[in-house]
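Participant: Start from the sequences and build out the full structure, keeping to the hints where you can.
Chains as they are written, first to last, in the numbering used here: chain A, 942 to 1053; chain B, 247 to 359.
Just so you know, not all the hints are guaranteed correct.
Reference excerpt, derived from the structure (chain A facing chain B, CB under 7 angstroms, subset only) [said to hold, decoys possible]:
1) N973
2) Y980
3) H984
4) L985
5) L989
6) K990
7) N1035
8) A1037
9) N1039
Think of the hints as simulated: they come from the structure by calculation, not from any bench.
Idealized CB from N, CA, C, for every residue including glycine.
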Amino acid sequence: AQSVSQHNHHVILSEAASLELGCNYSYGGTVNLFWYVQYPGQHLQLLLKYFSGDPLVKGIKGFEAEFIKSKFSFNLRKPSVQWSDTAEYFCAVNDAGNQFYFGTGTSLTVIP
Amino acid sequence: DGGITQSPKYLFRKEGQNVTLSCEQNLNHDAMYWYRQDPGQGLRLIYYSQIVNDFQKGDIAEGYSVSREKKESFPLTVTSAQKNPTAFYLCASSIPGGFNEQFFGPGTRLTVL
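Facilitator: Given below as structure tokens:
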């Protein structure tokens, strides 16, 4: 089975600070990569995804992620966070099969 | 409005009782999934189904059962054999194919007393 690692379990930032959340996966073949966000009291929703093409993908709300195949990584970034970005963030991987594998999540708290 | 509904939002059961969690979608998706979310453990796959009348076990299927008699519905039964059933359960659906994202329901929080 795949494994997905999110090394930052809890991140606290002040508004306007830059954000980078790490995600590493174990599978060496073709992968589809996702970042999901769970705002307090809301459904999990897709932030962005990568399956081919430009390794720098842009998502909603100013988020972006870079796929680095040689490092098995798909880190999430945002240049300037807002209080409304407070949420839990999950990285997920699909190895072109039927299953999705999720990381343990990173809880982000943004202080106004 | 297209989406996934899960009911109820909160569920309490006594130890030793089976309980069924509902999941309905009107997105016309063929694939449906059940996950369990525990603090610090992310989402773990219980069962998934790619098509009606077919389903496969995920990583933590022991103590759970599912059925897929209709495209729109994928109920999950938590049996008395599940040793630690208290958790947050999430249902998702997608168009089959690994590059298609999943859409999630609001979840059911099950507490077994």
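Participant: So which hints don't hold here, by number, going up?
Facilitator: When the structure is compared with the hints, numbers 2 and 5 turn out to be violated.
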